[in-house]
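Chemist: Chain order of the listed sequences is S and F.
By my numbering, the letter at position 102 of the first sequence is numbered 102, and the numbering carries on one by one without gaps.
By my numbering, the letter at position 92 of the second sequence is numbered 92, and the numbering carries on one by one without gaps.
It cannot be assumed that every hint is accurate.
[Claimed, not checked] Simulated coverage check for chain F against chain S, where a stretch passes if three residues somewhere in it have a Cβ under 8 Å from a Cβ of chain S:
1) 69-75
2) 82-89
3) 110-119
[Said to hold, decoys possible] Anything over 10 Å on all C-beta distances counts as not near chain F; from chain S, calculated:
4) Gln3
5) Glu17
6) Glu27
7) Asp32
8) Lys42
9) Pro44
10) Ser60
11) Gln89
12) Leu96
Just so you know, these hints were derived from the structure itself, not from any lab.
Where is the CB? At the ideal position from N, CA and C, for every residue including glycine.
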Amino acid sequence: DIQMTQSPASLSASLGETVSIECLASEGISNDLAWYQQKSGKSPQLLIYAASRLQDGVPSRFSGSGSGTRYSLKISGMQPEDEADYFCQQSYKYPLTFGSGTKLEIK
Amino acid sequence: QVTLKESGPGILQPSQTLSLTCTFSGFSLSTYGMGVGWIRQPSGKGLEWLANIWWDDDKYYNPSLKNRLTISKDTSNNQAFLKITNVDTADTATYYCARITAILPYYVMDAWGQGASVTVSS
């Protein structure tokens, strides 16, 4: 199985601050990487797919980058509504696997 | 508008079989490249992928659940199903179904249901 190591487990950011979350795959996944946002008590929502493609309707302050085994999600200018859990997920090989998640809070 | 909604028994006892239904609208599982996946999340924990079923009835399972999983679909009624046999307390979780869309060469879980809470308890 491909292991997805996500960091940090939690972080707090001030409004307007830029934050980054990283995922390290245990082997190359050819950009087959998605990022999801999950607000408290809600289902996950797709933010980014194919490592860097923004899902329709997602604010442009969200961006994804990376290649090979290293990928990151950046939020440029933290907003109150961005307080949530974030997960990465690879679809390169079965079984599909998720990162352990990052809890993002407002400082 | 794409919507998915999961339904299940809510509570069941250890060793029973969990049957979940995903009822969806806004897409068809007979469309080339379309799929439905099942994912679960224990309270306060991370996400675990369980199974996918595709428009052509191809199926993939998480081997960590060995032979306990069965995924199926009813295309004419826009439903997908998941059965988990011999449940125990470790199967207590919120179960989600998600649409999988082909944005070639990628397959993306771009719409999720609200989740169905399942508790396994004696």
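Chemist: Give a verdict on every hint.
Modeler: Here is how each hint holds up against the structure:
| no. | hint | result |
| --- | --- | --- |
| 1 | 69-75 | violated (count 0) |
| 2 | 82-89 | violated (count 0) |
| 3 | 110-119 | holds (count 6) |
| 4 | Gln3 | holds, 12 Å |
| 5 | Glu17 | holds, 25 Å |
| 6 | Glu27 | holds, 17 Å |
| 7 | Asp32 | violated, 6 Å |
| 8 | Lys42 | violated, 8 Å |
| 9 | Pro44 | violated, 6 Å |
| 10 | Ser60 | holds, 18 Å |
| 11 | Gln89 | violated, 7 Å |
| 12 | Leu96 | violated, 4 Å |
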